[in-house]
Amino acid sequence: MQPKTVANNLTLSVSQLNEYVRRMFQLDPMLARVDLKGEISNLKFHQSGMLFFTMKDDQAAIACAMSAEDAAQLQAEPFEGMRAIATGSVGLYARGGRYQFYVRSLHPQGMGVLYERLMALKGRLEAEGLFDPAVKQPIPAYIDTVGVVTSPTGAVIHDILNVSLRRDPQARILLCPVRVQGIGAAEEIVRGIRLLERLPAVSVIIVARGGGSMEDLFTFNEESVVRAVAGCSKPIVSAVGHETDVTLCDLAADLRAPTPSAAAECVVPRRDEVLSRLLALKTLLADAAQTRLEREGARLSLLRARLAAQSPLRVVEREEARLQGLRVALAKAQTQALAQREALVAQKKRELALLSPYAVLARGYAIVRKGDAVVESAARLSAGDEAEVQWKDGSAKMRVLETQRKEMRA
Amino acid sequence: MTARKKAKPSFEEGVAALEAMIAAMNEGGLSLEQSMKTYEEGMALAAQLEAMLAEHRRRIEKIDPDTAEIETFEENEDGVS
Chain A
0 MQPKTVANNL
10 TLSVSQLNEY
20 VRRMFQLDPM
30 LARVDLKGEI
40 SNLKFHQSGM
50 LFFTMKDDQA
60 AIACAMSAED
70 AAQLQAEPFE
80 GMRAIATGSV
90 GLYARGGRYQ
100 FYVRSLHPQG
110 MGVLYERLMA
120 LKGRLEAEGL
130 FDPAVKQPIP
140 AYIDTVGVVT
150 SPTGAVIHDI
160 LNVSLRRDPQ
170 ARILLCPVRV
180 QGIGAAEEIV
190 RGIRLLERLP
200 AVSVIIVARG
210 GGSMEDLFTF
220 NEESVVRAVA
230 GCSKPIVSAV
240 GHETDVTLCD
250 LAADLRAPTP
260 SAAAECVVPR
270 RDEVLSRLLA
280 LKTLLADAAQ
290 TRLEREGARL
300 SLLRARLAAQ
310 SPLRVVEREE
320 ARLQGLRVAL
330 AKAQTQALAQ
340 REALVAQKKR
350 ELALLSPYAV
360 LARGYAIVRK
370 GDAVVESAAR
380 LSAGDEAEVQ
390 WKDGSAKMRV
400 LETQRKEMRA
Chain B
0 MTARKKAKPS
10 FEEGVAALEA
20 MIAAMNEGGL
30 SLEQSMKTYE
40 EGMALAAQLE
50 AMLAEHRRRI
60 EKIDPDTAEI
70 ETFEENEDGV
80 S
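So the protein sequences, as listed, match chains A and B. The numbers in numbering that gives the first Met the number 0 rise by one with no breaks, and the one at position 178 of the first sequence is 177. The numbers in numbering that gives the first Met the number 0 rise by one with no breaks, and the one at position 64 of the second sequence is 63.
For reference, chain A alone in the conformation it holds in the complex:
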């Protein structure tokens, strides 16, 4: 049997039919803007930035597509199983002849779900030891370059630069500009951390974002970001949101700073402090050397004194001194002996003088000589002899006229 064609029936091409249906969807005001509630599945991020997924409930499903432009505006990256309200329009994808939902925006339904997921992830990563205080690296006291992963615009980088340059006017900052929210932000942040940690000049990394809603900060709870922070080979400081916001990124970092400014305070050493520390070290070094030298000097002079006491030279000196003493004593004795003898001689001279024949002259006597001989007897003289008579004050030559002899008594 041949299928019957009904009279009045139009024969359409596939394109014509799809176009007709597409127009019907467009004309329906109800389908032009729908808030669609459901659960996301079959999530696919396309290279082009477009997003494809399925929205479903217990009984039904619908294919969803989101343009790259709209997807970039998403605050939090959607995930498999996320319950959400998708706002958009219903249309026909002519090529496939499929009707689908064109999503303009996507809102997670109820923060409770997000929070539950966050807590589950936290528990899992905690069990893995990603937040273990024991594996945290200290922030270095001296640094070369600070790597910063954040948005190139806005208050965050401004504050970090301000504080850093205030503490060290010669600070080195290397910014890796990233998006800090929305689709792809997590990936950029991970890439930024990996890029900076490979650079030898980078001593420490700051991952930062300004304050925002919990959804705004959600990127910093993404597993990939948290793992990149925890696994970073260089010390890493997290400053995400306001002081009261704590993200998993904060927990995984080596240090959590309450604000981006505080992060810069923690990371950039004050130049004047570094300079004075260096000066102090130099002083300590010089002191240590000085102390050592003084100690060695003191030891040396002590040794020298001890050695000198043992020296043969010292014995010689001692003997020399003794000898010198003897010499002095001898000289003294000699002088004394001489003086004594002089005194004796003087004494004897006086005694002799008393016995001198000349002494009688002083009393008025005279001595008679004939030639050289003293005439002590008249018998020695004869008449006509010449004789010399000596007085105390002079002498006179005389001729003997006659001699007389006195009778000698027996």
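Accuracy of the hints is not assured; some may be wrong.
Now the in silico label distances, taken between C-beta atoms and shown as ranges [said to hold, decoys possible]: (1) Arg82/A - Glu68/B: 39 to 45 angstroms; (2) Arg326/A - Glu26/B: 56 to 62 angstroms; (3) Glu222/A - Glu68/B: 28 to 34 angstroms; (4) Glu68/B - Asp131/A: 32 to 38 angstroms; (5) Gly28/B - Ala307/A: 26 to 32 angstroms; (6) Glu70/B - Gln15/A: 54 to 60 angstroms; (7) Ser88/A - Glu70/B: 40 to 46 angstroms; (8) Gly28/B - Leu117/A: 51 to 57 angstroms; (9) Val314/A - Met35/B: 33 to 39 angstroms.
Covered stretches of chain A (in silico footprint by chain B; criterion: 3 or more residues with CB under 8 angstroms from a CB of chain B, positions within the stretch not fixed) [to be verified]: (10) 176 to 187; (11) 273 to 280.
Think of the hints as simulated: they come from the structure by calculation, not from any bench. Ideal Cβ positions, reconstructed from N, Cα and C, are used throughout, including at glycine.
The hints should help you fit chain B onto chain A, whose structure is shown.
Positioned in the frame of chain A, the structure of chain B alone reads:
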């Protein structure tokens, strides 16, 4: 401009070495000769560190995430998004 690696020790390593030298000298375990040598080396190291500080010039730069090229960063150069 991209590669900035140097074989010489970092400032922090230098300071740590200097501190270790001082500690060793104060401990008194070194011979006088070693001690004086350590002093000379320490002073040379301190001078090196001072030079490092002196040549540490301000650099505010950004790195291109795709090409890893580094160029000077000026605030707001990218405009406000």
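task: Using the Cβ atoms, figure out if Arg326/A sits within 56 to 62 angstroms of Glu26/B.
output: holds, 57 angstroms
Glu68/B and Arg82/A - C-beta distance against the hinted 39 to 45 angstroms: holds, 43 angstroms
field: Within 8 angstroms of chain B (C-beta), three or more residues of the region 176 to 187 of chain A
entry: holds (count 3)
- prompt: At the C-beta level, are Glu70/B and Gln15/A separated by a distance inside 54 to 60 angstroms?
  reply: The hint (54 to 60 angstroms, Cβ to Cβ) holds, given that Glu70/B and Gln15/A are roughly 55 angstroms apart.
field: Beta-carbon spacing of Glu222/A to Glu68/B - inside the hinted bounds 28 to 34 angstroms or not
entry: holds, 30 angstroms
- request: Could you check the hint for me, namely that Val314/A and Met35/B are 33 to 39 angstroms apart, CB to CB?
  value: This hint holds: roughly 37 angstroms between Cβ atoms.
field: 26 to 32 angstroms as the expected CB spacing between Ala307/A and Gly28/B, which holds or is violated
entry: holds, 30 angstroms
- request: Starting from the range 51 to 57 angstroms, see whether the pair Gly28/B and Leu117/A falls in it by beta-carbon distance.
  value: Distance hint for Gly28/B, Leu117/A holds at roughly 56 angstroms.
field: Asp131/A and Glu68/B - C-beta distance against the hinted 32 to 38 angstroms
entry: holds, 36 angstroms
message: So is the region 273 to 280 of chain A in contact with chain B by the C-beta rule, three or more residues under 8 angstroms, or is the coverage claim wrong?
response: holds (count 5)
- prompt: Per the hint of 40 to 46 angstroms, is the separation of the Cβ atoms of Ser88/A and Glu70/B within bounds?
  reply: holds, 43 angstroms
When held up to the earlier numbered hints, the structure conflicts with none and fits them all.
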